[in-house]
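Peer 1: Using the supplied hints, reconstruct the complex from the two chains, each of which is provided in its own coordinate frame.
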Amino acid sequence: MARWRDRRRQRAVVKTQVAKNKKQPGVDQVTGGKIPKSFVFARGKLPGPLKQLELDLRKLMLPYTALKLKEKKRNNLKDFLNVAGPMGVTHFLMISNPKSIPYLRVARTPQGPTLTFQIKEYALAADIAKSQPKYRCTPELFKNSPLIVLSGFGGGGQHLKLTTIMFQNIFPAIDINSVKLSSCQRIVLLNYNAEERLIDFRHYSIRLQPVGVSKRIRRIVQTHQVPDLRNLQDVSEFLTKAGYGSESEGDDEAATVSLPTDVDRVNKASNKSAVRLQEIGPRLTLRLVKVEEGLCSGNVIFDEFDTSSVYSVEKETDREAAEDSEKETSEDEPADSAED
Amino acid sequence: MGKKRAVGADEPTTTSPLDLKTLIREHSLFFDQLVELIPARFFLPNSSSDKPWFPGLSKSQKKKVKTQTRENILKSRRDRLDPTRPTSTLDLLKKSLDEERDSSSDEEDDEDEAVEEEEEEEEKEVVKAQSMALSTDERPVTYEELRERLRRRIEELSAGRNTRPESKLKQERKKEMKNKKKVKVQTKRNQENNKEKEDASAGNTGKRKRDDGNDANISKNNKKKNKVEEPTDITYGQVRIDGKENKKRKKKLSKEKELERAKRLEEVKKDPEKGKKVSWKAAVSKAAGEKVHDDPKLLKQSIKREKKRQEKNKQKWRERKETVAKAKAEKQSKRSENIKERIHQKKMRKIEKREKKLMRPGFEGRNEA
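Line by line, the protein sequences give chains A and B. Everything in the first sequence is counted per the working numbering, starting at 1 for the first residue and increasing by one. Everything in the second sequence is counted per the working numbering, starting at 1 for the first residue and increasing by one.
Think of the hints as simulated: they come from the structure by calculation, not from any bench. The reader is advised that the hints may include incorrect statements.
[Unchecked claim] Dumping the calculated DSS-like pairs for lysine-lysine here, alpha-carbon to alpha-carbon at most 25 Å:
| hint | chain 1 | residue 1 | chain 2 | residue 2 |
| --- | --- | --- | --- | --- |
| 1 | B | Lys257 | B | Lys304 |
| 2 | B | Lys291 | A | Lys78 |
| 3 | B | Lys276 | A | Lys290 |
| 4 | B | Lys255 | B | Lys316 |
| 5 | A | Lys34 | B | Lys281 |
| 6 | B | Lys281 | A | Lys290 |
| 7 | A | Lys290 | B | Lys334 |
| 8 | A | Lys78 | B | Lys300 |
| 9 | A | Lys290 | B | Lys274 |
| 10 | A | Lys215 | A | Lys268 |
| 11 | A | Lys78 | B | Lys297 |
| 12 | B | Lys252 | A | Lys34 |
| 13 | A | Lys180 | A | Lys272 |
| 14 | B | Lys304 | A | Lys78 |
| 15 | B | Lys269 | A | Lys290 |
| 16 | A | Lys290 | B | Lys291 |
| 17 | A | Lys34 | B | Lys353 |
| 18 | A | Lys290 | B | Lys270 |
| 19 | A | Lys34 | B | Lys291 |
With the rest of the complex left out, here is chain B (with noise of 0.2 Å):
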């Protein structure tokens, strides 16, 4: 019953004041700690003058004040990361503190400040020690241990990586074999080369899917040792590379003239030289799908298709010329009857008014005198 009495009638008994100070070092020590659990916003006293009003303003003031805030968020951002501003609680409680101190009063003694201030230094420094020592302790446990971890790994990697020696040797034996092939083959070819090597050039409707293919080209040669020249005699498929490129207008000949042409191409092809040349010409551009007008067999079926087809026209128009004419002749008739006969009944009324007076019942006739 008494104990609990007891407990507390004990301590303030010893009133010697080195103990008391450090009564109070402790009791202010735990309400420090108690004070940095709580964030400063909610403990510092709110200034009211600081907050920001935004409802009563026009549009561009709220821009500002908008940016403003949005400055601020970041500066606090990172003030909040800067280790030599005072961010916890206490610091800003004691910021605060001094800034009022200055403000309100400067008659205070300097010895008491400065006293007070290497008070709350030391404490600070004792409760970083504290809280450094607590960290301290746990973290060799984690961090140190993953550092650890980190390293050992990444030198794993890299010595695991370092097997290019071998594969690098293997890698440049298989260049060799390959440029000792293409030395072969080139210079085969460059023999033949020569002469078409121009022409070939000239007919590359030269598309390149990469832009920098020439580059890769250009980089892969100088990487050879051999420099063996690459097969430049490559050809892609058809490109265009303007929208509207210079459509050729060949002159388009008669078709009688085109056989002429065509009878003349035959009797050349005879000829074991020049038939040659122009059997192969006709051949590339039919490839390329130009119409080439050289089968004398086919003008000739095609001049005598147009010709039936120019007789049928003609008829035809003949035909339709006569419909015409027969129906508007048609036309004209029943029309001029129909007026003929429209006088013609006109008449006959007019008569058959007159007769009709003479018609009268016991009439026995007209005296034709």
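Looking at chain A on its own, in the form it has when it is part of the complex (with noise of 0.2 Å):
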């Protein structure tokens, strides 16, 4: 008796296993190159708020990451980097705060440059949802990785194109051909405002809606719930008194796309359906600070602050002046001679 017992005890405890033991592809099937994996941890201590930072930025990161690393006071980048090769992780996002000014590090993992970004302002997932009266993000959300937009990156600088090569490279390629649409559920978008110099980051869920549907007759196909007739009427009521679409709809023209696909039983092919972004996951305001060439060490390519580097944008803008003020000096020099 006490060995069928213990043999159903065996049993269970081998099924959980089997369930931890899920490996997650490392290639794409589709596209066929690697997918890259990313580590979110921290180095040193963190206030309370920036530990919910990190782990709003692991939840972005889904599902390519680990989201219960768990880190030790004595784990060095070492032994993160020991990990990171047989598991076939390509990104670090470091969160450190070294005098109290939040730092976030983003580096490729073997041999890879490191980007050094000064986390000037944020905004935590917590903060948004408490501000939006209807926040919509549930867990199917994060189990596509999300698209990337980066806009103003164009102009200036070589550090910009890195940043971008950096960013676009984090989160897995897509193959228009065979992407499904109904995938595409979350977008990430980078803003660099040359003014400033800074980048904006912001984290949106991405919503369809048909337009020219009112909101009623939506409702009512996409939850099959009966609706409430109770104060009506008439059934002409019900169906005149939502109006003809939102009062937003005259605006929105231009986020209006038609899609090549069924997306949902309410979105459907070579229909105009609305793009509703809602805000979900952290708000960043960040300045790139310094660009290395290896994973924390190696030559600094890039220094905001620090003019006797290689490469500065101050220095740059110095020499411009420097050169425009000979230009000047010459040609006053031949128009003085002419005029003597």
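Peer 2: Structure below.
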């Protein structure tokens, strides 16, 4: 009897173990390229809100990241590197707080460059959730990796180009021919403000709504719930009361698309749908401060503040100013000589 | 007791022709109304030839008949709603009677026919008028009122919707603010943009989630009266357009050559300008995921590792060969030994056989002479 009970327990234990060992694919079946995976962790002790920010970033990077990564005080960067190799992790996102200034470092694992961003401002996902009346964030959103759009990075400098390439490669590539539109549910926007040299980082969820269908009818189709006609005199009231679409439809003409395939029950192919973005996730304002050649080591090839490094923005502008002044003086001289 | 009789007795005594006519008319109207209540297919005599008989037919015939019945059903549905065709029982009855009359006897009096027809028409009209009267008495209470209600509601809604003048102003104002800001930023950006714009667009692996994203942009541009340039330097994430793109097969140099190259690069890096270029290039390709071998230390390590691996393999091979040879030698020797033994044993057996004869009891020994 005892033996039989033990056997049962053993079997149960084995089942859970098997479930845990589910592996994530290392190579994308569709595109054939390697899927980039990331680790988000903290270096040093972080205050409460920054810890929360770290968790938010981890959620953002799902599904190809370690959600429950546990780091101990005694773990070095080397330890992470050692684990990263066999697991196929390609990027590290490190948050640190030296001298009470939060920094975010994005690095490519084996030997890759490290971009150091200073976090000028940040807002946690919880704050954004509270600020919105209708916050919609389901765990299904995080089953696919987000799309990424970068704007304003075109002009000015190698460091911006490097940033774009870095961020483009953090998320896996998308094969246009075989991607399911219903799997593109999140989007990350990065906007570069050239005046202040700040990068805005935003994270939205994408929702498609059919255009030209009133809210009530759409609700019936989507939720299959019989509407409450208690206070209405007539069925025509129900249909006409909703109005013709929402008030903001006039604005969003540019944001409507005609879908190539069916997405939901409601959004059908070759019908117009409006793309609605709702903000979820953390909001960051970053300034690129340093680019190093190695993983938190190596040459500093870009430095925002320090003029004695190999390349810096201020140095460039100084050089240009010097050239301009030289040109002016050279122009003045022949003019003076002519006058003389 | 005599009441009933009295009631019944009074009416038929007045037998003036007009009264009789009206009486007959009333009776006929009553019967017509009764007939109207009965659906046509039950009341009218059914010609048996019309009934379709399915079971005895072949497949193709059945199909034909079924399509026919379907068409008939649709036709009858349409006819029911057609106001010109008669569908009430009374009309159909009349129709069938006419047909019978036409088919059976053409010798009847036209006058009679006409009179009868007129009468019937009049009766029909009367009936219809009565029904209309009945219906119109009830309907104004409901139908007209409903109409009025609907009209009122539509007016209300349209009045409510025409608050657009105010909101439109607001929206326009918002757009103007946006445009002003964009113009400011754009003028600054355009100065910087002109050099690197081409690079940006070239590096743009341009997927658009929207098929008519371009159209949307164009329409947006046309909308704005200021004709401000939209920020065109938008880059998207990685996309694969073709399934199998041409993978650049870089020639793989041997590790020593790579080492030399790396050493050269290191020297170049010390040079400020060229070194800058080289290091940026390397950083960009590393960020993109390509493997760049430019660290001489690592290269040396890998060369060393490879050498060690080769050594180890060599040794393993040697050992394997040895063991194989050893095993072979052993087996061979064992085999030859066994063979020898066998021969020896054979010989011994033969000798024994020979000697057995001579081992008789009482035998003193062989005479070795």
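Peer 1: Go through the numbered hints given earlier and state which of them the structure violates, listing their numbers in rising order.
Peer 2: 7, 17
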